[in-house]
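If you read the protein sequences in the order shown, they are chains U and X.
If you want this note's numbering, it's the position in the first sequence, counting the first as 1, plus 284.
If you want this note's numbering, it's the position in the second sequence, counting the first as 1, plus 284.
FYI, nobody ran anything at the bench for these hints, they're computed from the structure.
The structure presented is a predicted model; accordingly, all values stated were derived computationally and were not measured.
Mixed in with the good hints there might be a few duds.
[Unchecked claim] If the Cβ cut is set under 7 Å, some of the chain U residues that face chain X in the computed set are:
1) Pro531
2) Glu540
3) Thr544
4) Phe545
5) Phe546
6) Trp552
7) Phe555
8) Phe556
9) Phe563
10) Val791
11) Met811
12) Ile815
13) Gly901
14) Leu1033
15) Gly1045
Ideal Cβ placement from N, Cα and C applies to all residues, glycine included.
Protein chains: 2
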Amino acid sequence: MMASQCSAMYGRYTQELGVYAKEEAARLRDGGLRDGAGLRRNTSVRSRAADLLEYEKDPCAKCQMCASRCQKFLISRVGEDWIFLILLGLLMALVSWVMDYAIAFCQEAQKWMYGGLDSNMLLQYIAWVTYPVVLISFSAGFTQILAPQAVGSGIPEMKTILRGVVLKEYLTFKTFVAKVIGLTCALGSGMPLGKEGPFVHVASLCAALLSKFMAALFGGIYMNELRNTEMLSAACAVGVGCCFAAPIGGVLFSIEVTSTFFAVRNYWRGFFAATFSAFIFRVLAVWNQEEETITALFKTRFRLDFPFDLQELPAFAILGIACGFGGALFVYLNRLIVECMRKQKTINKFLLRKRLLYPALVTLLVSTLTFPPGFGQFMAGQLTQHESLVALFDNRTWCRQGVAEEFDYISHHHAWKHPQVNVFITLILFIIMKFWMSAVATTMPVPCGAFMPVFLIGAAFGRLVGEIMAAMFPDGIHVDGSVYPIVPGGYAVVGAAALSGAVTHTVSTAVIVFELTGQISHILPVMIAVILANAVAQALQPSLYDSIIRIKKLPYLPELGMGHHEKYNIRVEDIMVRDVRYITLNSSYRDLQEMLLTGHLKTLALVECRDSMILLGSIERLQLQSLLSLQLSRQRRLEYLHQLAQETGTHDPLPSLTSDSSPSSPCTHIHLNASTNTSARQEVHSNHISKAFFFHISNFLSPICLQVAEWEDQKLDELVDFKNCKIDPAPFQLVEQTSLHKTHTIFSLLGLDHAYVTSMGRLVGVVSLKELRKAIEGSVTVTGVKVRPPLASFRDSGNSTNVSEVTELHKLCMRHKGLSLPREPNPPDVEKNCEFFSFQNGQRGTRSLITTCEPSGC
Amino acid sequence: MMASQCSAMYGRYTQELGVYAKEEAARLRDGGLRDGAGLRRNTSVRSRAADLLEYEKDPCAKCQMCASRCQKFLISRVGEDWIFLILLGLLMALVSWVMDYAIAFCQEAQKWMYGGLDSNMLLQYIAWVTYPVVLISFSAGFTQILAPQAVGSGIPEMKTILRGVVLKEYLTFKTFVAKVIGLTCALGSGMPLGKEGPFVHVASLCAALLSKFMAALFGGIYMNELRNTEMLSAACAVGVGCCFAAPIGGVLFSIEVTSTFFAVRNYWRGFFAATFSAFIFRVLAVWNQEEETITALFKTRFRLDFPFDLQELPAFAILGIACGFGGALFVYLNRLIVECMRKQKTINKFLLRKRLLYPALVTLLVSTLTFPPGFGQFMAGQLTQHESLVALFDNRTWCRQGVAEEFDYISHHHAWKHPQVNVFITLILFIIMKFWMSAVATTMPVPCGAFMPVFLIGAAFGRLVGEIMAAMFPDGIHVDGSVYPIVPGGYAVVGAAALSGAVTHTVSTAVIVFELTGQISHILPVMIAVILANAVAQALQPSLYDSIIRIKKLPYLPELGMGHHEKYNIRVEDIMVRDVRYITLNSSYRDLQEMLLTGHLKTLALVECRDSMILLGSIERLQLQSLLSLQLSRQRRLEYLHQLAQETGTHDPLPSLTSDSSPSSPCTHIHLNASTNTSARQEVHSNHISKAFFFHISNFLSPICLQVAEWEDQKLDELVDFKNCKIDPAPFQLVEQTSLHKTHTIFSLLGLDHAYVTSMGRLVGVVSLKELRKAIEGSVTVTGVKVRPPLASFRDSGNSTNVSEVTELHKLCMRHKGLSLPREPNPPDVEKNCEFFSFQNGQRGTRSLITTCEPSGC
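Isolated chain U (complex conformation):
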């Protein structure tokens, strides 16, 4: 499912070039006014002079040029970006609003069914339970059939995509449809699921599709890959922004969740789109007569003049720390459930066969427990997420009725009051039940997020603490005469921000709650609690999204933790792989074959020669495989056989071999197989097999097959011709002394997959994401990764110049000066680095060509 092809920023140079060339070619082929304009737009900076010349020569070109100029002007002035962002914002606001409408309708329908059947409790139960089970099953089935990529939150995948990794099928129209419909059904079921994670994905899908659409219409800029990445990051902001009507929080949340490095110039693309989207989203509500004007989604009415007492701050801090532990526990629980299901073979097998059973069972369990006349009465089961949140953010105190009822609006807090049971018990039960329910529900294979459920649990927990505080200090803590009672709703706001911050490892949940509630008076408690919760949660567990990334085995780079000062002292030379796979300019096809069989990296280094090891570039494995298959291609074999036939004088000794249709002898059969096979790796294998096979059956088929084998050997001994091979001429290079910290920064900045370690142009090692990950996660001693020798730190002391570098340079100099450096004896450290050069003597004997390379000077 997760066929990921990692093509880092640097690796894309050559690929992009190819695309560019193809575009240009396509445009040239098409001709016409539009394409002519497009072409000229491309060359506009450079070919002003050429334009003018053309103008002089050809009066017909005049109008065409004018048209192109106008179009250029229009597009560059009004700005494609602006139009794009406005369209994106509009689209997403509509999607969000329609979806909310549909969800509300679904929930109303359930309530109506449930309410209409209040005569018979069994019927009521069946109605209460069947409805969500059907919706969730439909959602799971629909997603499974149409696009399995739409399952889950989408934020982990977007983080991976924005890192530069190409995930297939993640940004297609099918996925869009599956995600939107699946999400609507899943949320309509009333299960503890959220919409913000999926909305990030939906917005990105929107942006990708819109980009494609615009590219088809206007071409040019919309095809640029970098630009599309920028638009994707803006889209993530729009997703969160229009989900909560929280433009600022949306932008910040999406940055924190999806990026490691953020370009400030993209920053306000996000702000613009998210604000526009949030505006339209709320305006739709006003136009639909739901609201009088644009206000917050969960408006609170806390008092402004004395929002909280300074002496309440310890309580807020404790709330924050508790939320930190809670958040870590949630992430752990979520991962435990997934891993448990995977490990249990029997469960796993069963679930794979009956894919819809798991979500249906989970839904059945959850909805049974929340059945209002049943256990649901102790945990406000009949309230939807929205209603629960409104009740929890209420500015009145529950445990002591009648305080500060200045405002009059519909409240759902009566649902929390059970005639027999204390409100504290109800809250505690609600928290505990919702906690595991949310953790389980988010593992269902439907499009769903975990933010909103966690937010709700946090709000309930905050409310609990607030109510306890209110019960402890009924007249407030303030000492100076005036009575300022404690506002438990404020605690609910703080708790919601802290728990959701802890689970997602973000600080911007603070901003989201301000925008959601429309009040910023509790800014300091919220900030303190969120930061403390983050500190605790980050020390214990990865964020929920990173956890999912690890579970799904997507490529990732862990963050450098705070306070790990060792990271500043590990260097690249301690973690790099020294046994680099490389090919030289003198490599034969046989070397290539061996290299392809033994290595596993996606790219191979190209060095000048084995002696100098000067890095010239890197070549993708696929390119090399195609080179190899070209060398031993069917065409060439046939040519050779023809030639053979002509040489021996026989008129076509093996007609079956030369005819395209029916291979008759096993010898040719193998060869034809090998050459027509698309996967070159298989070819390599089959070549090996074929050789063994030849000796085995040579009795039957000699001498022609033997001749073919000989020819093959000959061909393999030829030098590789790199002419038709795409080479990345400047792969990213690091130095041995680069610190781990800097390496991490560069890798995450540039979205690298691997980097070569060079010293004076000479290739000495390679560091890939894997090594870096191992080093950061502390397991530097894992196999394949060389550990820095103990006492290594002594090595650099004493002299300010690096010894090995000097030695290396010395060697180069000596080679150039004909080994006659005046009055300078070889320093004793030369031997130190000779170990690298010595391995060339221990090679297999097939390299007759290498020794001949030395006289050909450079």
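Using the hints, position chain X against chain U.
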């Protein structure tokens, strides 16, 4: 004043190494428990095994190890970063609070003096005017004497420093003292100046000094350069955060203002420190009985249930656009004043002599105009900035008294009411006068920012629009029965955010106003106005900080504008300088001398040889200069003379030459001068002079001086010995096809100063910040920058592989295979790239060594 030394991230590798080695050496020298622990802390990851071995061998090491472990545990658990950030936050909060206290005291003193003299208007005027003139003059003089670097805002400099440029003296204790005291006096004078820009600088100073202090105490991590940069960016956030008690807005504002790329992992370092700082800052106010509890600085009391009508949005949008134009005008005016003063030679000369006169004159003018009984009565002259803001954010309507006076607090709005003059006239006068006053005042050579004055003007402008709206629609616009009068205070908030956003090109001013006013109800109007203001201002002018950066000629990289799609089509090959200065492994000292005399870049490329042009690394100019001076050093000259004396048999022919103290002959005098001079560049010159001099005075001093000249020539013809030279072994490389967009990204990501352009390891060009700047600013045709040939885009069409690369590779291959590629005729494109190689034939004749390099293989 602005002696800037640009050392980009990449250029620092070697430097860092040296520092690292020196640290290690120093630690080894010191010994003792603390240093032992420090050392072990450094090697802790790698040398667990070694530790254990040591444990076995030496029981004495046990306790030492335990101590080090404990320390390590303590430090890594509690986290140096946390301690550091808490200290920084605490310190800055105290500084901010004390400074506010002092400023309030100054202003009170002025009011008291002014109030006490109300019997005599002349005396009153003298008191009103003298007080600020004295304070500003003191501030200017004090800053000038102690640390001229403390002048101005500090944000432009911090932006430059965070880009990786080292500005001397910007982060010293002297500057700290000058900035804090100068700023207090400047703000105490009541001039329209702000404190947030300087506070960013003060916080950075605090962080830098604290880092030094901690490094002296604990060593280790505090010496790391990357970490210090991270701390600086957190410090910027703290600066804004504790200035406005706005942690979130502070972090965002500092990011927008100082960074182009931001690491999300630093993000919440900033949040933590800024929150802590804001918290302490406000708690101090509570403890000082100024406030009852922690609330916003400029608390507003707008109604929550219906903050604004949807139909008011066009007014908000117009306000935003007008603020955009206003912001651009402010930046333009500010720059115009500075440039005007610079250009006018007479003014300039006069000002340079009497440095204190300019600020004194400006202060005199401004305070005369604001004199309350004079013109000041028409523009609320007696109010301080704080009082004016509180009045402008008032939720009551001024033009129609008596609406919504639910809250009762001290208001200064009576100052705006003139008995004869309309409130609109007062507001308009206030805006116009404050506008030019602020623009002029911020050019004074005192520590001052422009944010707060601009914020105030914006608030006044917003208020004006609001009052006009309130006058036009006295009963509000809403149609559905209920009357919701317009809130002009809301317009003031929107205007303040929009104008300050336009001047600074930031969106986060929106968040700052929410935190300043403690209300978020106007989020949508604020966001819309800020975004529109930004769009307008960014299209017209650079931000105020970028404008100052350009005025001060600090190194910078302009942002890529939006909608400039041409940027995606320009490539590095279009802008790179092809005539790269380089040295080869075979260069003689004479080549080096020539290269140093002709070039101007700070680093020179080192290539393998002129034929292969393979890039090996880069060397700093300083390094080469020291190499050259070493080769012709005094020591060597003396040795040579000794040798000469021994050869000729004479016993010491020139005793004066060998004696250190008194050089007697002009010949030696010059030489001694040359060799003892620290600047190698001068030496190069003096070498030239000396040679001419020799021929001139050879009559007197021959034959010895002639022999010395000959010896010198001989020495210059020797090959350069790079053994003692620090070489950056992996300078940053780009490919010719890299787009301008990507190049810009990489340059700003990595803080590069220049990058080499290579093709298959071969050096083909260099791109520096200058070329990039020119290309972005549109003047691609400036001299020294080669423009891409017209019709260049056709070049890549047709074939997906790049032709020139293949040719290049082909050549390399041919060289290696001894010019005998089997059955492959030379492709016709070879000639195309020969132009590059052909220039080697047109060289000066000094290179006899190059031709000999070819047989020595690689």
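Consistency of the hints with the structure:
no., hint, in the structure
1, Pro531, "6 Å, holds"
2, Glu540, "6 Å, holds"
3, Thr544, "6 Å, holds"
4, Phe545, "5 Å, holds"
5, Phe546, "5 Å, holds"
6, Trp552, "5 Å, holds"
7, Phe555, "5 Å, holds"
8, Phe556, "5 Å, holds"
9, Phe563, "6 Å, holds"
10, Val791, "5 Å, holds"
11, Met811, "4 Å, holds"
12, Ile815, "5 Å, holds"
13, Gly901, "6 Å, holds"
14, Leu1033, "5 Å, holds"
15, Gly1045, "4 Å, holds"
Of the numbered hints stated above, none is contradicted by the structure.
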